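Here's the letter readout for the chains.
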Amino acid sequence: QVQLVQSGAEVKKPGASVKVSCKASGYTFNSYYIHWVRQAPGEGLEWMGRINPRGPRAHYAQKFQDRVTMTRDTSTSTVYMELSSLRSEDTAVYYCARGDGDFNPPDYWGQGTLVTVSS
Amino acid sequence: QSVLTQPPSASGTPGQRVTISCSGRSSNIGSNYVYWYQQLPGTAPKLLIYRNNQRPSGVPDRFSGSKSGTSASLAISGLRSEDEADYYCAAWDDTLSGFVFGTGTKVTVL
Numbered sequence: 001q002v003q004l005v006q007s008g009a010e011v012k013k014p015g016a017s018v019k020v021s022c023k024a025s026g027y028t029f030n031s032y033y034i035h036w037v038r039q040a041p042g043e044g045l046e047w048m049g050r051i052n053p054r055g056p057r058a059h060y061a062q063k064f065q066d067r068v069t070m071t072r073d074t075s076t077s078t079v080y081m082e083l084s085s086l087r088s089e090d091t092a093v094y095y096c097a098r099g100d101g102d103f104n105p106p107d108y109w110g111q112g113t114l115v116t117v118s119s
Numbered sequence: 001q002s003v004l005t006q007p008p009s010a011s012g013t014p015g016q017r018v019t020i021s022c023s024g025r026s027s028n029i030g031s032n033y034v035y036w037y038q039q040l041p042g043t044a045p046k047l048l049i050y051r052n053n054q055r056p057s058g059v060p061d062r063f064s065g066s067k068s069g070t071s072a073s074l075a076i077s078g079l080r081s082e083d084e085a086d087y088y089c090a091a092w093d094d095t096l097s098g099f100v101f102g103t104g105t106k107v108t109v110l
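For the record, the sequence lines run as chains A and B. Just so we're aligned: 60 in this note's numbering is position 60 of the first sequence, and the numbers increase by one with no gaps anywhere. Just so we're aligned: 100 in this note's numbering is position 100 of the second sequence, and the numbers increase by one with no gaps anywhere.
FYI, nobody ran anything at the bench for these hints, they're computed from the structure. Quick caveat: nothing in here was measured; it's all calculated off a predicted structure. One or more of the hints may lead you astray.
[To be verified] Derived BS3-like pairs: lysine-lysine, alpha-carbon spacing no greater than 27 Å straight-line:
(1) A:K63 with B:K46
(2) B:K46 with A:K23
(3) A:K23 with A:K63
[Claimed, not checked] Computed, partial: chain B to chain A, Cβ under 8 Å:
(4) Y33
(5) P41
(6) L47
(7) Y50
(8) Q54
(9) G58
(10) F63
(11) V100
Beta carbons: idealized from backbone N, C-alpha and C, even for Gly.
Could you put the whole structure together from the sequences, leaning on the hints where they help?
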């Protein structure tokens with residue numbers, strides 16, 4: 001069965017960076033995109049970007065272009081999302097999710113990782 | 001910054017039919033597939049409908065999706081208490097070159 005298992009909760013200070021991992025299993029890793037979506041407390045879903053495991057290129061939402069980096073390690077079927085220059089508004093649950101095709105939203109989702117930004 | 005507009009809430013009694021709308025533009029719903037997700041409290045979103053009206057295996061046929069022009073709808077028939085959740089629509093947006101989500105609708109079973 002498809003599984004996306006994310007790393008644990010993080011607490012960071014403003015200005016720091018955070019790196020969240022997402023380990024995939026149960027399917028052919030190179031055949032699907034991995035998306036990152038975040039959800040601030042009590043708010044809706046916000047797409048941050050995606051990475052194609054077949055190549056190093058990632059595509060980021062304009063809002064996060066300057067602060068986010070998505071990478072992958074095909075040897076361990078793991079994708080990473082690093083967000084820099086954290087501010088309090090970045091406090092949210094960050095989800096990784098699998099995607100099929102260039103224009104199709106994700107299907108399977110990870111369990112989420114809470115990132116808290118607080119001084 | 002949600003680009004797709006949904007009503008903030010919807011409700012019904014057990015057994016009733018509830019419909020949730022999702023309004024967008026020609027650059028998103030008008031030219032791309034719509035997906036729907038269910039998010040139970042404290043859990044990750046779960047795919048309910050893909051490619052406008054297709055159900056993944058395991059999703060009850062009480063859930064159905066449709067699309068017309070720049071709008072889409074999710075219908076829940078035979079409403080059950082376990083359907084109490086937040087529901088989101090999503091689509092690719094050609095202008096933004098990214099995915100956009102709806103504002104979300106909280107469904108309450110009275």
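Now for the hints, and whether the structure bears them out:
For the proposed pair K63 (chain A) and K46 (chain B), the alpha carbon gap of about 25 Å is at most 27 Å, so the pair holds. Taken as a hint, the K46 (chain B) and K23 (chain A) pair is honoured in the structure, with Cα atoms around 18 Å apart against an allowance of 27 Å. Between the alpha carbons of K23 (chain A) and K63 (chain A) the distance comes to roughly 25 Å, so the proposed pair stays at or under 27 Å and holds. The beta carbon of Y33 (chain B) is positioned within 8 Å of a beta carbon in chain A (closest approach about 6 Å), and the interface hint is therefore held.
Taking 8 Å as the C-beta cut-off, the interface hint given for P41 (chain B) is violated, the closest approach to chain A being about 12 Å. With its C-beta approaching chain A no nearer than about 5 Å, L47 (chain B) sits inside the 8 Å limit, and its interface hint holds. The beta carbon of Y50 (chain B) comes within 7 Å of a beta carbon in chain A, closer than 8 Å, and the hint placing it at the interface holds. Among the interface hints, the one on Q54 (chain B) is violated; its C-beta lies about 11 Å from the nearest C-beta in chain A, farther than the 8 Å criterion.
With a cut of 8 Å, the hint placing G58 (chain B) at the interface with chain A is violated, because the nearest CB-to-CB distance is about 11 Å. Taking 8 Å as the C-beta contact cut-off toward chain A, the hint placing F63 (chain B) at the interface is violated, the least distance being around 15 Å. Annotation: interface hint on V100 (chain B) holds; nearest CB of chain A at approximately 7 Å, less than 8 Å.
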